[in-house]
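**Student:** Listed below are the residues making up each chain.
Protein chains: 2
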Amino acid sequence: MSKVTVFGAGAWGSTMAQVLSDAGNEVLLWGRSESVISEISTAHTNVKYLGSHILPDDIIATTSLDDAFAFSQMYVLAIPAQEIRATLEDWKARFPSDCTIVSTLKGIEIATQMRMTEVIEDVLGAHKIAIITGPNLADELVLRQPAGAVAAATSQVLADQIRELFRTPYYRVYTSTDVMGCELAGAIKSVIALAVGLSIGMGFGENTQAMLITRGLNEVARLCAAHGSDPLSAAGLAGMGDLVASCGSPLSRNRTFGEVIGRTGSMSAARAQMVKTVEGVASSSAVLEIAHRVGIEVPVIEAVADIVSEKLTPEAALQRLMEITTKAENFIR
Amino acid sequence: MSKVTVFGAGAWGSTMAQVLSDAGNEVLLWGRSESVISEISTAHTNVKYLGSHILPDDIIATTSLDDAFAFSQMYVLAIPAQEIRATLEDWKARFPSDCTIVSTLKGIEIATQMRMTEVIEDVLGAHKIAIITGPNLADELVLRQPAGAVAAATSQVLADQIRELFRTPYYRVYTSTDVMGCELAGAIKSVIALAVGLSIGMGFGENTQAMLITRGLNEVARLCAAHGSDPLSAAGLAGMGDLVASCGSPLSRNRTFGEVIGRTGSMSAARAQMVKTVEGVASSSAVLEIAHRVGIEVPVIEAVADIVSEKLTPEAALQRLMEITTKAENFIR
Chain A
476 MSKVTVFGAG AWGSTMAQVL SDAGNEVLLW GRSESVISEI STAHTNVKYL GSHILPDDII
536 ATTSLDDAFA FSQMYVLAIP AQEIRATLED WKARFPSDCT IVSTLKGIEI ATQMRMTEVI
596 EDVLGAHKIA IITGPNLADE LVLRQPAGAV AAATSQVLAD QIRELFRTPY YRVYTSTDVM
656 GCELAGAIKS VIALAVGLSI GMGFGENTQA MLITRGLNEV ARLCAAHGSD PLSAAGLAGM
716 GDLVASCGSP LSRNRTFGEV IGRTGSMSAA RAQMVKTVEG VASSSAVLEI AHRVGIEVPV
776 IEAVADIVSE KLTPEAALQR LMEITTKAEN FIR
Chain B
476 MSKVTVFGAG AWGSTMAQVL SDAGNEVLLW GRSESVISEI STAHTNVKYL GSHILPDDII
536 ATTSLDDAFA FSQMYVLAIP AQEIRATLED WKARFPSDCT IVSTLKGIEI ATQMRMTEVI
596 EDVLGAHKIA IITGPNLADE LVLRQPAGAV AAATSQVLAD QIRELFRTPY YRVYTSTDVM
656 GCELAGAIKS VIALAVGLSI GMGFGENTQA MLITRGLNEV ARLCAAHGSD PLSAAGLAGM
716 GDLVASCGSP LSRNRTFGEV IGRTGSMSAA RAQMVKTVEG VASSSAVLEI AHRVGIEVPV
776 IEAVADIVSE KLTPEAALQR LMEITTKAEN FIR
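Top to bottom, those sequences are chains A and B.
Take 476 as the starting number for the first sequence in the numbering used here and just add one per residue.
Take 476 as the starting number for the second sequence in the numbering used here and just add one per residue.
Please note: incorrect hints may appear among the correct ones.
[Said to hold, decoys possible] Coverage of chain B stretches by chain A, computed from C-beta distances (three or more under 8 Å per stretch; other residues unrestricted): (1) 587-599; (2) 643-649; (3) 681-691; (4) 786-793.
Derived from the structure by calculation, the hints contain no laboratory data.
Since the model is a prediction, treat every value here as computed from it, not as a measurement.
Glycine residues also receive a C-beta, built at the ideal position from the N, C-alpha and C atoms.
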């Protein structure tokens, strides 16, 4: 039994805290909001994010950073991707040098095109850093529905340790030493999910979606390979798995946003319907730049980038995509 | 412009004939049913299989095998998988030695555990044999919705030729020289789609489906590798693509059959609701045997085989699946 601190008491942080508690750990959940934290402590609910769901009553909840950092040296981050740098800058002095940091965040920092673990290292310096990722929609995982995930760290020993920390009878955790590939796949999936939404909005069915998913993941694999990471991470739970779950969920913001553009042909109509950040919109041009930096072609990702920057209509983008010469279907080429 | 004969005037054969006509070929469509063929010839419809859809009026339709074999030396087979051996035995003497045969069939011959091109060679001897496969639901492809496919032949020259034969602005055809991998992936996908249906019937959501799809394809990849074919075919349009389309379609017989078993826990309830052959039921034990022959573990496929043979309840099979020790997430291990 380990002690673990989870930072972030939204739907995702609360769900991770429950998984870790179910896995037999002592868990402290830190959150900013006095009302959310006091509700978790007393009623064991988090109505704002998880409705009437009852969390394990042995989860300790606090708004005190002193208590959170003192509780353990195993820190699980469940904070929004675009806020992570500023948050870590604030907390920098609190991290002990031999602590372990687990990122559960998916995304690219737009301003720098850095992956989440790169941002963490950039701010905090070298630490034991791991990630956990995969097809894990919070609203299903919190109901303890069977799910799979990948614990990745450059050291196999650390990856194994994170697997043991998280695994429960309903949460199958595999390991990987390809942190970069798993993070790239997890970030790019939001762009591909947006492309799938576009095709649904344009009135197309399963064939078109399946083509975009498969060829989109082929682009992820080639992008991973060009960066020296394992192209097969794209075919695993962090890539294919996560993308399939996102595309299947009508709750996915990326898919929904794409559907509105596809149906109306209009970015402003889509923006008007969506108040929250849509990761696939924000990161499509960053991902395109990451790809162009290493000189590889990513036609599906480029189509999304050109549509969200209003350079091309969805129809024109699809036509361009269909006109590209097909060659051998190498997963890496 | 080439001359092509398509054998089989059901939904799939008629759709393939339209694609080939749209691609600029002269097409003859052969079918057994006088009424279907005469309707295609006169009204250019195939109401029984394609509703009110109008087929290109330059498709020639016939019930005459003499005319069909004389029309071209490029034969596209769109006949049900379990009927192919008996049909080819009947027609054996009609195939010229230098004809080209394109299989569009997905499945394993249950009695022999042979792939479709193996059956073709077994009956007809060595020929130029290719396949075309991928996420191609007939009802969407016939509407000319954008789709991708793989033309596979052991010779790259033949694969390229088949790609040219089929490609149209809405049908992107890639090539592969891994016939075995593409056929295995296309056949096994029905078993995995049944597993996905089971999980939906049991009340689980996207996380569970995504885990079964990803780990199921991992099994396909390892099975391909153990047979000396390319494990990456599982990650391409023939594998991942086709599986995603099947799992997304509420019309998929495999998914629907699995849903009924998952919901009722009863094979007889599922059998009562389904009059047509369910490929995933028929082939799960054949696929399991193919896997065991080369000594590899395929827990998702084995779960389906044990459920459809009523050795295990869906609950017990899922529990067994979740208890298996997780290791490194190698796509091939």
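**Student:** The structure should be examined with respect to each hint, and the outcome stated for every one.
**Tutor:** The hints, checked one at a time:
Against chain A, the segment 587-599 of chain B contributes 0 residues with a C-beta closer than 8 Å to a partner C-beta. That does not satisfy the three-residue criterion, and the hint is violated. For the segment 643-649 of chain B, the stated coverage by chain A is satisfied: 5 residues place a CB nearer than 8 Å to a CB of that chain, which reaches the threshold of 3. Counting residues of the segment 681-691 of chain B whose beta carbon lies closer than 8 Å to any beta carbon of chain A gives 9, which reaches the threshold of three, so the coverage claim holds. For the segment 786-793 of chain B, the proposed coverage by chain A is not satisfied: 1 residues have a C-beta within less than 8 Å of a C-beta in that chain, short of the threshold of three.
Hints 1, 4, counting from the list given before, are not met by this structure.
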